[in-house]
Amino acid sequence: MGPATEVYDAMTKPKRATAPRLDREQAVAQLVSATIALLADKGPGEIKARSVAEAAGLSTIAVYHHLGGLPELLEAVAEQGFRELGAAFRAAPPSADPVTALFSMALASRRFATANPHLYDLMFGLSTRGSYRPLDKPATSGGARATNFQMAYAHLVEGCEHLVASGRVRADEAAELIAPQLWSAVHGLVALELGGHLAEFDDPVREVLQPMMVNLVVGLGDRLAAAIASHDAAIEATR
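Residue numbers (this note's numbering): 1 to 239.
It is possible that part of the hints are untrue.
[Claimed, not checked] The following label-pair restraints were derived from C-beta to C-beta distances:
no.: 1; residue 1: G219; residue 2: I61; range: 29 to 39 Å
no.: 2; residue 1: T238; residue 2: Q26; range: 32 to 42 Å
no.: 3; residue 1: G167; residue 2: R90; range: 20 to 30 Å
no.: 4; residue 1: T238; residue 2: D23; range: 37 to 47 Å
no.: 5; residue 1: G43; residue 2: P71; range: 15 to 25 Å
no.: 6; residue 1: A229; residue 2: P71; range: 41 to 51 Å
no.: 7; residue 1: A171; residue 2: D41; range: 23 to 33 Å
By construction, these hints were calculated from the structure, which means they are not laboratory data.
Bear in mind that the values here come from a model prediction, so they are computed numbers and not experimental data.
Just so it is clear, CB atoms sit at the ideal spot from N, CA and C, and this is done for glycine as well.
Make a model of the complete structure from these sequences and hints.
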């Protein structure tokens, strides 16, 4: 093969396509999306910088360059989880009945958790692995994760404000105090259910969640019959 042929080959051989350069926002989005997919498919044991980067189509160094390390990546994943949970709250069937609307949000939270159990675990710190270090400062001290949580939480508080204004509960009850009671009750059930501790119930919603929430709003001043009817309406609206 002569020099002329080599030059011709070099000129005609197709060049390998170069992957477009991503900015930080795009790279982080791909890494977060890949992590959520790996969590759903293989669980938390598969979440390593190399496996996440490979799934995202990026180099391992991208995790460190754009985020600082695996703990920061997991924090970004939790932020996205709270963003999606807030969207689930907003997408819950609306109702003029404040008790129905609040229970619809509770059902939306449970659906989100059961559809994304490992993500939910990560968001609320229900499980930890020894292969990564936690952040030095908890997310509750500030930052995007706290913002995304508070945005979801604000939707719940707004629903509780409607509840108090409706006269269904005692007028001296504060929405800011009702909201954490409702969230704690639902979160407790979800944690037990994800851990397999409610397996003996054929219908945890009807047998555990609904009676618990009815008891809670009745304790706040609602009438038993009205509370049951409102919760029944929320279940029917989500079928």
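So, going through the hints one by one against the coordinates:
no., hint, in the structure
1, G219 - I61: 29 to 39 Å, "violated (55 Å)"
2, T238 - Q26: 32 to 42 Å, "holds (35 Å)"
3, G167 - R90: 20 to 30 Å, "holds (25 Å)"
4, T238 - D23: 37 to 47 Å, "holds (39 Å)"
5, G43 - P71: 15 to 25 Å, "holds (18 Å)"
6, A229 - P71: 41 to 51 Å, "holds (47 Å)"
7, A171 - D41: 23 to 33 Å, "violated (50 Å)"
When each numbered hint is compared with the structure, violations occur for hints 1, 7.
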